[in-house]
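**Student:** Work the whole structure out from these sequences, hints included.
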Amino acid sequence: DAGITQSPRYKITETGRQVTLMCHQTWSHSYMFWYRQDLGHGLRLIYYSAAADITDKGEVPDGYVVSRSKTENFPLTLESATRSQTSVYFCASSDSDYNEQFFGPGTRLTVL
Amino acid sequence: SQQGEEDPQALSIQEGENATMNCSYKTSINNLQWYRQNSGRGLVHLILIRSNEREKHSGRLRVTLDTSKKSSSLLITASRAADTASYFCATGGSYIPTFGRGTSLIVHP
Chain B
45 DAGITQSPRY KITETGRQVT LMCHQTWSHS YMFWYRQDLG HGLRLIYYSA AADITDKGEV
105 PDGYVVSRSK TENFPLTLES ATRSQTSVYF CASSDSDYNE QFFGPGTRLT VL
Chain R
54 SQQGEEDPQA LSIQEGENAT MNCSYKTSIN NLQWYRQNSG RGLVHLILIR SNEREKHSGR
114 LRVTLDTSKK SSSLLITASR AADTASYFCA TGGSYIPTFG RGTSLIVHP
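Heads up: the sequence lines are chains B and R, in that order.
Here the first sequence stands for residues 45 to 156, numbered as in the numbering used here.
Here the second sequence stands for residues 54 to 162, numbered as in the numbering used here.
In case anyone wonders, no lab produced these hints; they're calculated from the structure.
Treat the hints loosely; a few may be bogus.
Pairs of lysine to any residue residues, derived as SDA-like cross-links and limited to a Cα-Cα distance of at most 25 Å, are as follows [stated by the list, open to error]:
| # | chain 1 | residue 1 | chain 2 | residue 2 |
| --- | --- | --- | --- | --- |
| 1 | B | Lys101 | R | Asn83 |
| 2 | B | Lys101 | R | Glu58 |
| 3 | R | Lys109 | R | Ser157 |
| 4 | R | Lys79 | B | Glu103 |
| 5 | B | Lys101 | B | Ser128 |
| 6 | R | Lys109 | R | Ser121 |
| 7 | R | Lys109 | B | Asp141 |
| 8 | R | Lys123 | B | Ser140 |
| 9 | R | Lys123 | B | Gly84 |
| 10 | R | Lys79 | B | Arg88 |
| 11 | R | Lys109 | R | Val160 |
What follows is a set of in silico ranges between Cβ atoms, one per label pair, in the way DEER data are often shown [unchecked claim]:
| # | chain 1 | residue 1 | chain 2 | residue 2 | range |
| --- | --- | --- | --- | --- | --- |
| 12 | B | Leu83 | R | Ser81 | 25 to 33 Å |
| 13 | B | Thr126 | R | Lys79 | 28 to 36 Å |
| 14 | B | Arg61 | R | Ser111 | 41 to 49 Å |
| 15 | R | Asp119 | B | Pro52 | 37 to 45 Å |
| 16 | R | Thr117 | B | Gly107 | 34 to 42 Å |
| 17 | B | Pro105 | R | Leu128 | 30 to 38 Å |
| 18 | R | His110 | B | Val132 | 30 to 38 Å |
| 19 | R | Val97 | B | Ser113 | 25 to 33 Å |
| 20 | R | Glu108 | B | Asp139 | 21 to 29 Å |
| 21 | R | Lys122 | B | Lys101 | 25 to 33 Å |
| 22 | B | Val132 | R | Gly112 | 27 to 35 Å |
| 23 | R | Lys122 | B | Glu58 | 45 to 53 Å |
| 24 | B | Lys101 | R | Leu128 | 30 to 38 Å |
Part of the chain R face toward chain B, derived, beta carbon under 8 Å [said to hold, decoys possible]:
| # | residue |
| --- | --- |
| 25 | Ser81 |
| 26 | Asn83 |
| 27 | Asn84 |
| 28 | Gly95 |
| 29 | Leu96 |
| 30 | Leu101 |
| 31 | Ala131 |
| 32 | Gly145 |
| 33 | Ile149 |
| 34 | Pro150 |
| 35 | Thr151 |
| 36 | Phe152 |
| 37 | Gly153 |
| 38 | Arg154 |
A virtual CB, placed ideally from N, CA and C, is assigned to each residue, including glycine.
**Tutor:** What follows is the structure in structure tokens.
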């Protein structure tokens, strides 16, 4: 199916564990983005990627790691999860850095 | 920060009324985009207006852009209960677009 998907949709983990959130898009968009959404903060950019093997930090990158070995995938890893990383995570893709973005359905992550 | 800032934070209206929300930004832009987010869902792109455009329509949506004031407005005419959602603006330019906190719109049937 064409589009952008995220997995898992829901995840509960414990403090200190490593967690990887997956994002996959079928449009061959060059740009991909990771956001977190928290009450009172809106959407905040964590990392973005302009192409395979090119990634850059956003507004709140601490505690997160990304990679992009293939154009269609952009996984986000929390190397040692903390309670403050409890949030809803959205992945998005775009054909440029300033055109419309297409969002995935989100992953709700709870860190206990 | 380059982010758009939406105003008001919350808006409550009756079905059939018009809803207007505003967005202000700080630097020059190539375009400005409006998105909608229904509860528990990802954002959905509504409309993009380029910096050389002043007004754009899409169905019941009307967007205006005033680059001299660095502001934009989104008007939803004849609102429906299904328009209940959060609305975000994002500006596109020589930087990665960032989103504000959004306007939460509630349309009462």
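**Student:** Each of the hints needs a verdict: does it hold here or not?
**Tutor:** Here is what the structure says about each hint:
The suggested pairing of B:Lys101 with R:Asn83 holds, with an alpha-carbon distance near 22 Å, which does not exceed 25 Å. For a cut-off of 25 Å, the pair hint linking B:Lys101 to R:Glu58 stands: about 22 Å separates their Cα positions. Between the alpha carbons of R:Lys109 and R:Ser157 the distance comes to roughly 22 Å, so the proposed pair stays at or under 25 Å and holds. For a cut-off of 25 Å, the pair hint linking R:Lys79 to B:Glu103 stands: about 17 Å separates their Cα positions.
As the CA atoms of B:Lys101 and B:Ser128 are separated by approximately 19 Å, the hinted pair is consistent with the 25 Å bound. Proximity of R:Lys109 to R:Ser121 is assessed by CA-CA distance (about 17 Å); at most 25 Å being required, the pair is judged to hold. For the proposed pair R:Lys109 and B:Asp141, the alpha carbon gap of about 22 Å is at most 25 Å, so the pair holds. Of the supplied pair hints, the one linking R:Lys123 and B:Ser140 holds, its CA atoms being roughly 22 Å apart against a limit of 25 Å.
Straight-line distance between C-alpha atoms of R:Lys123 and B:Gly84 comes to about 24 Å, which keeps the hinted pair within the 25 Å bound. Note on R:Lys79 and B:Arg88: the hinted pairing holds, with a Cα-Cα distance of about 17 Å set against a maximum of 25 Å. Using a Cα cut-off of 25 Å, the hinted pair R:Lys109 and R:Val160 holds, with the two alpha carbons roughly 23 Å apart. Taken as a hint, the range 25 to 33 Å holds for the pair B:Leu83 and R:Ser81, whose Cβ atoms sit roughly 31 Å apart.
For the pair B:Thr126 and R:Lys79, the beta carbons lie near 31 Å from each other, so the given range of 28 to 36 Å is met. Checked against the hint of 41 to 49 Å, the pair B:Arg61 and R:Ser111 passes, with Cβ atoms roughly 44 Å apart. For the hinted restraint 37 to 45 Å between R:Asp119 and B:Pro52, the CB-CB distance of approximately 43 Å keeps it satisfied. Taken as a hint, the range 34 to 42 Å holds for the pair R:Thr117 and B:Gly107, whose Cβ atoms sit roughly 40 Å apart.
In this structure, B:Pro105 and R:Leu128 meet the distance hint of 30 to 38 Å, their C-beta atoms being roughly 36 Å apart. Range check, R:His110 to B:Val132: about 32 Å between beta-carbon atoms, so the 30 to 38 Å window is met. The hint said 25 to 33 Å for the Cβ distance between R:Val97 and B:Ser113, and at roughly 29 Å that hint holds. Remark: the range hint 21 to 29 Å for R:Glu108 to B:Asp139 is upheld by a beta-carbon distance near 25 Å.
At about 31 Å, the CB distance of R:Lys122 to B:Lys101 agrees with the hint of 25 to 33 Å. In this structure, B:Val132 and R:Gly112 meet the distance hint of 27 to 35 Å, their C-beta atoms being roughly 28 Å apart. Distance hint check: the CB atoms of R:Lys122 and B:Glu58 are about 49 Å apart, consistent with the given range 45 to 53 Å. Distance hint check: the CB atoms of B:Lys101 and R:Leu128 are about 36 Å apart, consistent with the given range 30 to 38 Å.
For the restraint placing R:Ser81 at the interface with chain B, the shortest Cβ-Cβ distance is roughly 12 Å, beyond the 8 Å limit, so the hint is violated. Annotation: R:Asn83 was flagged as interfacial toward chain B, and the flag holds, the nearest CB pair being 5 Å apart, inside 8 Å. Annotation: R:Asn84 was flagged as interfacial toward chain B, and the flag holds, the nearest CB pair being 6 Å apart, inside 8 Å. Annotation: R:Gly95 was flagged as interfacial toward chain B, and the flag holds, the nearest CB pair being 3 Å apart, inside 8 Å.
Interface hint status for R:Leu96: upheld, as the beta-carbon distance to the closest one in chain B is roughly 5 Å, under 8 Å. For the restraint placing R:Leu101 at the interface with chain B, the shortest Cβ-Cβ distance is roughly 6 Å, inside the 8 Å limit, so the hint holds. The closest approach between the C-beta of R:Ala131 and any C-beta of chain B is roughly 25 Å, which is over the 8 Å cut-off, so the hint fails. Hint status for R:Gly145 relative to chain B: holds, with the closest Cβ pair at about 3 Å, below 8 Å.
Nearest Cβ of chain B to the Cβ of R:Ile149: about 6 Å, under the 8 Å cut. The hint holds. The restraint placing R:Pro150 at the interface with chain B holds, with a minimum CB-CB distance near 6 Å, inside the 8 Å limit. Of the supplied interface hints, the one on R:Thr151 holds, with its beta-carbon coming within about 6 Å of a beta-carbon of chain B, less than 8 Å. With 8 Å as the threshold, the beta carbon of R:Phe152 comes within range of chain B, its nearest partner Cβ sitting at about 4 Å, so the hint holds.
Checking R:Gly153 against chain B by beta carbon gives a least distance of about 5 Å; that is within 8 Å, so the hint holds. Look at R:Arg154: its Cβ gets to within about 4 Å of chain B, closer than 8 Å, so that hint holds up.
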